[in-house]
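Engineer: Here our numbering is used: the first residue of the sequence shown is 46, the next is one more, and so on.
Heads up, a few of these hints could be off.
Derived DEER-like restraints, expressed as beta-carbon distance ranges [claimed, not checked]:
| hint | residue 1 | residue 2 | range |
| --- | --- | --- | --- |
| 1 | Val92 | Ala127 | 35 to 43 Å |
| 2 | Thr162 | Gly199 | 19 to 27 Å |
| 3 | Met46 | Arg197 | 34 to 42 Å |
| 4 | Lys105 | Gln78 | 36 to 44 Å |
| 5 | Ala109 | Thr162 | 41 to 49 Å |
No lab work stands behind these hints, which were simulated from the structure alone.
Cβ coordinates follow ideal geometry from the N, Cα and C atoms, glycine included.
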Amino acid sequence: MIYTVAALTALAQQCAPGVATEALVPLLVAESQGNPLAINVNKGPRVNASNLADAVALVKRYVAAGHSVDIGLGQINSRNLARLGTTIEQTFDPCTNLGLASRVLQEGYARASQHYTGLDAISVTYSLYNTGSMSRGFRNGYVKRVWAAAARVGAIETPPALPDLSSSPSILTSMPQEDSSIEAPAQWVFGQASTGIEVFQ
């Protein structure tokens, strides 16, 4: 079953209430197009699963062969499962997957907001979500793809201008994905008073 935008929005409200659907749903659309069995074998072949058992078996096979694999709606990377306290099977559960995506986003925002504010911080958060780096998600086109998805699903009118990261080279180093010591702030906002959209609680 492929989730529609409306279904993803309802699921996000239920399973990831700490993240605004305007921030999470475009990411899910960009990552999996709403397919809860989506699998991406990094530096490997394209694979598709017709059911949950096949999906779990495929991920286990490629992980055992040394690949990192992105799993489910939010494409949670297999190398983060132990840190996030979950299993391959659990990660395919749509609600669990969105909860994990929410957590990874919040961790990324805690890092990004030390250097950026407003939409720039959200853009850097998307880069961190995709690559663990504040800059690589811009270079590979991921951040632009998520903002384009946000415009397509009506979360924003037009994608924002992306920040100029070249002026801050000292903070563009890869952030360790295993470091969860920085807590997310109590509230994450777009930083534009005119919108008043709360992104994280």
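Engineer: A separate judgement is required for each hint: does it hold in the structure or not?
Structural biologist: Structure-based check of all given hints:
1. Val92 - Ala127: 35 to 43 Å: 22 Å, violated
2. Thr162 - Gly199: 19 to 27 Å: Taking Cβ atoms as reference, Thr162 and Gly199 lie about 24 Å apart, which means the hint holds.
3. Met46 - Arg197: 34 to 42 Å: 21 Å, violated
4. Lys105 - Gln78: 36 to 44 Å: For Gln78 against Lys105, whose Cβ atoms are near 23 Å apart, the range 36 to 44 Å is violated.
5. Ala109 - Thr162: 41 to 49 Å: 43 Å, holds
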